[in-house]
Amino acid sequence: MEVLIGAGVLAATLRLATPIAFAALGGVITERSGVTNIALEGCMLVGAFFGIFVADKSGSLAIAIGAAVLAGMLLAALHALASITWRADQIVSGMALNILALGLTSYLNYDQYGTTGTPADLPGVPTLTLPGVSALPFVGDVIGKQNSLVWVMFILVVVLQLFLFRTVPGLRLRAVGEHPRAADTVGIDVRRTRYWAVLASGALAALGGVYLSMAVSGSFTDNMTNGRGFIGLAALIFGRWTPVGALVASLIFGYGDALSVSLQGASIGDLRFPVQLLSVIPYVLTILAVAGCVGRSRAPAADGLPYEKEGH
Amino acid sequence: MRQPSSQWAQGPAVPIISVLVALVLGAIFVLVSGHNPISAYGALLLGAFGSPYDITETLVIAIPLTLSALSVSVAFRTGLFNIGAQGQLLVGALAAGWFGAQFAGLPGVVLLPLTILAGILGGAAYGAIAGWLKAARGVNEVITTIMQNYTVIYVMHWLLQDGPMSAPNALGTPASAPIGDGAVLPIIVPDSIVHLSRLHAGLLLAILAVFVFWFLLWRTSLGYELRAVGLGARAAAQAGIDPKRRMVLVMAIAGGFAGLAGMIQVSGLFHRVYDGFSSGFGFDAIAVALLGKNSPIGITLAALLFAAFQRGGTLMQSNAQISSHLVENIEAIVLFVIAAETLVRALTRRRGTPAEAL
Chain A
1 MEVLIGAGVL AATLRLATPI AFAALGGVIT ERSGVTNIAL EGCMLVGAFF GIFVADKSGS
61 LAIAIGAAVL AGMLLAALHA LASITWRADQ IVSGMALNIL ALGLTSYLNY DQYGTTGTPA
121 DLPGVPTLTL PGVSALPFVG DVIGKQNSLV WVMFILVVVL QLFLFRTVPG LRLRAVGEHP
181 RAADTVGIDV RRTRYWAVLA SGALAALGGV YLSMAVSGSF TDNMTNGRGF IGLAALIFGR
241 WTPVGALVAS LIFGYGDALS VSLQGASIGD LRFPVQLLSV IPYVLTILAV AGCVGRSRAP
301 AADGLPYEKE GH
Chain B
313 MRQPSSQWAQ GPAVPIISVL VALVLGAIFV LVSGHNPISA YGALLLGAFG SPYDITETLV
373 IAIPLTLSAL SVSVAFRTGL FNIGAQGQLL VGALAAGWFG AQFAGLPGVV LLPLTILAGI
433 LGGAAYGAIA GWLKAARGVN EVITTIMQNY TVIYVMHWLL QDGPMSAPNA LGTPASAPIG
493 DGAVLPIIVP DSIVHLSRLH AGLLLAILAV FVFWFLLWRT SLGYELRAVG LGARAAAQAG
553 IDPKRRMVLV MAIAGGFAGL AGMIQVSGLF HRVYDGFSSG FGFDAIAVAL LGKNSPIGIT
613 LAALLFAAFQ RGGTLMQSNA QISSHLVENI EAIVLFVIAA ETLVRALTRR RGTPAEAL
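As they're listed, the protein sequences go chains A and B. So for the first sequence, the working numbering puts the first residue at 1; every next one is plus one. So for the second sequence, the working numbering puts the first residue at 313; every next one is plus one.
No wet-lab data here; the hints were simulated from the structure. Where is the CB? At the ideal position from N, CA and C, for every residue including glycine. One should not assume that every hint holds.
A short list of chain A residues far from chain B (calculated; beta carbon distances all over 10 Å) [as the list claims (entries may be wrong)]:
no., residue
1, A12
2, K57
3, G66
4, N98
5, V133
6, P137
7, G144
8, N147
9, V168
10, G170
11, I188
12, S219
13, D222
14, I252
15, I268
Okay, the calculated beta carbon distance ranges per label pair [what the hints assert, rightly or not]:
no., chain 1, residue 1, chain 2, residue 2, range
16, A, V244, B, A479, 40 to 48 Å
17, B, F582, A, A62, 45 to 53 Å
18, B, L357, A, T127, 46 to 54 Å
19, A, A135, B, S630, 51 to 59 Å
20, B, G588, A, A77, 30 to 38 Å
21, B, L516, A, T115, 36 to 44 Å
22, B, D474, A, L130, 36 to 44 Å
23, B, P324, A, R87, 17 to 25 Å
24, A, S60, B, L516, 56 to 64 Å
25, B, G484, A, S267, 17 to 25 Å
26, B, S504, A, Y113, 43 to 51 Å
27, A, F273, B, G588, 16 to 24 Å
28, B, L516, A, R87, 49 to 57 Å
Under 7 Å between C-beta atoms, here's a sample of chain B residues computed to sit facing chain A [claimed, not checked]:
no., residue
29, S345
30, V454
31, I455
Working from the sequences, and respecting the hints, build out all of it.
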């Protein structure tokens with residue numbers, strides 16, 4: 001039982017779900033506005049690199065996080081420019097930016113740090129020890145000593161859920177993603193809304209990258225996001241394009257990851273437990289969800305479609 | 313009335329401009345990071361074409377790139393976006409690797425064609441899933457194929473690390489059992505001409521595949537129907553073509569091309585399936601397909617260019633100490649400029665482009 005629902009596994013679930021959730025939250029915002037952004041992976045990666053890089057150059061945690069978020073937003077800005085202003089194919093643009101992020105960060109990593117790796121003694125995002133709670137049995141082991149970014153993630157889920165479904169700007173954002181023409185008719189600036197949404201997605205994904213490099217590992221390695229941006233994409237789809245849903249999906253996927261670590265070397269009878277197959281869960285569940293086999297996930301109506309004002 | 317300038321804008325303008333823009337931005341990038349762009353590109357060119365051996369190595373990379381790009385293109389021509397060439401390639405490799413090892417004792421005349429078939433069918437079956445989900449349940453093929461790419465990576469880890477396909481080998485990396493000698497694609501360059509060349513008969517299969525791609529799309533009624541669906545599913549439906557059935561078929565064909573690429577990597581280079589052997593040909597293929605404007609000649613040229621980048625990049629790093637990842641940046645910019653094709657169109661002063669003729 002310990003390997004299935006022990007405090008260690010649950011704490012690991014939170015750790016592993018956090019970067020996925022950051023990417024998924026970014027994805028929710030941009031897709032709700034009608035722009036598909038598969039460059040979430042790339043935004044995470046530049047966030048991860050520039051966090052470490054600027055932490056090394058400046059020695060300041062705050063400046064490093066700021067730079068990382070800015071880098072994610074810059075990459076996202078390119079996507080916004082291509083997909084909103086130039087009405088380019090959003091998938092192709094996203095693919096291009098993912099490759100660019102990988103090439104750029106790997107190039108700079110080699111150029112700056114060669115083969116020795118990034119410095120060891122960089123400022124990292126601190127762990128938050130909850131007074132009182134951390135001493136509790138079980139609960140303390142699960143949530144008592146998590147990284148502060150884990151809590152930032154939880155707060156953002158609540159804030160974004162309220163923003164999207166309980167505020168006027170949130171309603172406008174969703175209107176732009178569902179029916180841009182109608183939104184335009186009532187005076188909402190479709191382009192501007194979409195630009196902000198895409199930029200926000202870059203910032204959120206970059207925070208996921210910061211979490212990986214500056215909270216978990218304290219270093220940057222080439223392609224360290226390793227597809228987590230795409231799992232984030234899966235999480236937002238499985239979570240039906242809502243922040244809370246995306247969080248739940250991220251936790252499920254994170255739990256699968258945690259299990260694949262805790263079940264390493266376990267066996268059923270004579271057979272080794274196929275831990276690698278646990279990693280398949282997010283992708284298969286997502287396909288089943290969009291196919292309507294597990295509930296029904298429906299994308300915003302205008303998701304991925306460029307908007308052109310009439311008479312232009 | 314077609315004017316020469318419009319042919320230029322319709323044809324090679326966007327690809328050529330995108331490559332030039334990428335090379336210029338790449339040079340600026342190299343300069344800013346404190347290196348000499350001329351020596352960088354010199355080393356790149358030398359690495360790709362500097363010796364007969366380098367040329368054969370460039371061709372070795374161009375083979376899977378071309379086939380994966382055909383996979384992406386045949387789907388594009390039918391209006392589908394196949395991001396899954398990478399996954400289909402891996403399934404093809406696994407199927408071919410399994411078959412080639414399982415029936416290793418068969419003579420080559422039987423084993424090689426059947427191994428080729430296994431690779432093609434493996435990729436085709438995997439591709440058809442995405443086509444079927446699109447046709448039957450309206451699932452966006454972009455989502456399905458992205459998820460499929462990751463699914464196969466982990467299934468492959470399992471199969472080769474401690475699943476039914478794993479077999480011990482001298483290198484100690486997770487891999488399958490070696491395929492039979494009859495399933496190996498022979499080296500086609502004599503050792504007396506290029507010493508230790510790895511260029512194998514997969515090159516001939518790739519050339520054949522380019523021909524099949526052209527023949528299928530432009531010389532068969534099925535190809536006509538596929539392109540009709542690509543230009544407008546609704547109009548095609550009114551002309552009596554069932555777009556849904558074509559979706560399953562075309563994704564199977566797309567998967568078949570990618571599966572063949574995977575089979576060739578196994579039969580031509582590694583002679584067994586190594587865990588994680590493929591360096592993302594299926595993703596580069598999207599750039600190659602778009603750069604080649606989904607045409608047989610364009611794809612072939614674009615695949616050669618990208619293969620040269622990759623081969624040259626490796627040698628640039630060892631000879632000029634400039635990270636081979638420069639190449640990814642150039643590829644990304646090429647792709648990005650193509651994505652923003654409307655911008656290039658505007659630059660070449662073309663407005664109101666007519667629909668492409670069947």
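For each hint, the structure was consulted:
1. Every Cβ of chain B is farther than 10 Å from the Cβ of A12/A; the closest lies at roughly 18 Å, confirming the non-interface assignment.
2. At roughly 15 Å from the closest C-beta of chain B, the C-beta of K57/A stays outside 10 Å, upholding its exclusion from the interface.
3. Non-interface call for G66/A relative to chain B: holds, since the shortest CB-CB distance, roughly 22 Å, exceeds 10 Å.
4. Distance check for N98/A against chain B: the nearest CB is about 8 Å away, which does not clear 10 Å, and the non-interface claim fails.
5. The non-interface label for V133/A is consistent with chain B: the shortest C-beta to C-beta separation is roughly 35 Å, beyond 10 Å.
6. With a minimum CB-CB distance of about 35 Å to chain B, P137/A clears the 10 Å threshold, and the non-interface call stands.
7. No Cβ of chain B approaches the Cβ of G144/A within 10 Å, the least distance being about 32 Å, so the stated non-interface status holds.
8. Every C-beta of chain B lies more than 10 Å from that of N147/A, the closest at about 26 Å, which supports listing it as non-interface.
9. Separation of V168/A from chain B is adequate, the least Cβ-Cβ distance of about 30 Å exceeding the 10 Å criterion.
10. Distance to chain B confirms G170/A as a non-interface residue, since its nearest Cβ pair spans about 25 Å, more than 10 Å.
11. Against chain B, the non-interface label of I188/A holds: every CB pair exceeds 10 Å, the least being about 24 Å.
12. Here S219/A stays apart from chain B, with its beta-carbon at least about 18 Å from theirs, past the 10 Å limit.
13. D222/A, annotated as away from the interface, has a beta carbon of chain B within 10 Å; the closest lies near 8 Å.
14. Against the 10 Å criterion, I252/A stays outside the reach of chain B, whose nearest CB is about 15 Å from its own CB.
15. Even its closest Cβ contact with chain B, about 13 Å, leaves I268/A beyond 10 Å, as expected for a residue assigned away from the interface.
16. Checked against the hint of 40 to 48 Å, the pair V244/A and A479/B passes, with Cβ atoms roughly 46 Å apart.
17. Distance hint check: the CB atoms of F582/B and A62/A are about 49 Å apart, consistent with the given range 45 to 53 Å.
18. About 51 Å separates the C-beta atoms of L357/B and T127/A, a value consistent with the hinted range of 46 to 54 Å.
19. Range check, A135/A to S630/B: Cβ separation about 55 Å, and the 51 to 59 Å hint holds.
20. Range check, G588/B to A77/A: Cβ separation about 33 Å, and the 30 to 38 Å hint holds.
21. Checked against the hint of 36 to 44 Å, the C-beta distance between L516/B and T115/A comes to roughly 39 Å, which is consistent with it.
22. At roughly 40 Å, the beta carbons of D474/B and L130/A sit within the given window of 36 to 44 Å.
23. Checked against the hint of 17 to 25 Å, the C-beta distance between P324/B and R87/A comes to roughly 23 Å, which is consistent with it.
24. Taking the beta carbon of each, S60/A and L516/B are about 59 Å apart, inside 56 to 64 Å as hinted.
25. At roughly 22 Å, the beta-carbon separation of G484/B and S267/A lies within the given 17 to 25 Å, and the hint holds.
26. Between S504/B and Y113/A the beta carbon distance is about 45 Å. The supplied range of 43 to 51 Å therefore holds.
27. A beta carbon spacing of about 21 Å between F273/A and G588/B agrees with the range 16 to 24 Å that was offered as a hint.
28. One distance hint, 49 to 57 Å for the beta-carbon pair L516/B and R87/A, is violated here, with the actual separation near 42 Å.
29. A least Cβ separation of about 5 Å between S345/B and chain A falls short of the 7 Å threshold, and the interface hint therefore holds.
30. Taking 7 Å as the C-beta cut-off, the interface hint given for V454/B holds, the closest approach to chain A being about 6 Å.
31. Proximity of I455/B to chain A holds as hinted, the smallest CB-CB distance being about 6 Å (cut-off 7 Å).
The earlier numbered hints that this structure contradicts are 4, 13, 28.
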